[in-house]
Amino acid sequence: EDKVVQSPLSLVVHEGDTVTLNCSYEVTNFRSLLWYKQEKKAPTFLFMLTSSGIEKKSGRLSSILDKKELFSILNITATQTGDSAVYLCVLNQAGTALIFGKGTTLSVSS
Amino acid sequence: GAGVSQTPSNKVTEKGKYVELRCDPISGHTALYWYRQSLGQGPEFLIYFQGTGAADDSGLPNDRFFAVRPEGSVSTLKIQRTERGDSAVYLCASSLRAPGLAGEDTQYFGPGTRLTVL
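Chains A and B are the protein sequences, given in the same order. If you read the first sequence in the working numbering, its first letter stands for residue 29, the second for the next number, and so on. If you read the second sequence in the working numbering, its first letter stands for residue 47, the second for the next number, and so on.
Everything labelled a hint here was simulated from the structure, so no lab data went into it. Here the structure is a predicted model, which means the values were calculated and not measured. Mixed in with the good hints there might be a few duds.
Quick list of the computed label-pair ranges, beta carbon to beta carbon [claimed, not checked]:
(1) B/PHE112 <-> A/ASN103: 39 to 49 Å
(2) B/GLU66 <-> A/ASP94: 27 to 37 Å
(3) A/LYS85 <-> B/LYS63: 47 to 57 Å
Idealized CB from N, CA, C, for every residue including glycine.
Please model the complete structure; the sequences and the hints are all you need to start from.
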């Protein structure tokens, strides 16, 4: 009974493509939804989403949350090889433990 | 330091041995978390400290796992009688405040320790 489900699990694109990564979740006491990028070992923080419909944007990356339908998407435009990584969707559920999805592995070829 | 640091970066041990993994959080961060990440999976929560005390240790898989944070900064994760199934990357994270304080509980991760039990 996964609480955070990411799709697709893996994705291969060419440089310059736009990608959309999906995350759906189940929640008891929602606090926030987070996106992390993981290369090698350490996840690095991308976005924290708490409100529906408000897009967070950082360069070529953007994300939005729908609290009614319980999902979030992460968009990456004009992908570059440096975007190759695992993208983790993470649920912060008014408690102590972050709940991680299994991640989407993105491979960008030149 | 500027970020969360963990040592060692890699640890290879034999089944049955005892290991200690160290985490040095971002200076001033009161909350510290340990996660374990197996291949192809997202990190799984192990334990969380607020200050010196373990506020939630519900993720520790069994009593072979123990963690301490005696002075409220550096933490050590201890694993007794290691088993091959303990092989994973152990990630540490810290946040400025405890979970529940909006905007101040974003967790920042260290590089992890890759533990291999032969």
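Hints not upheld, ascending by number: Structure breaks hint 2 only.
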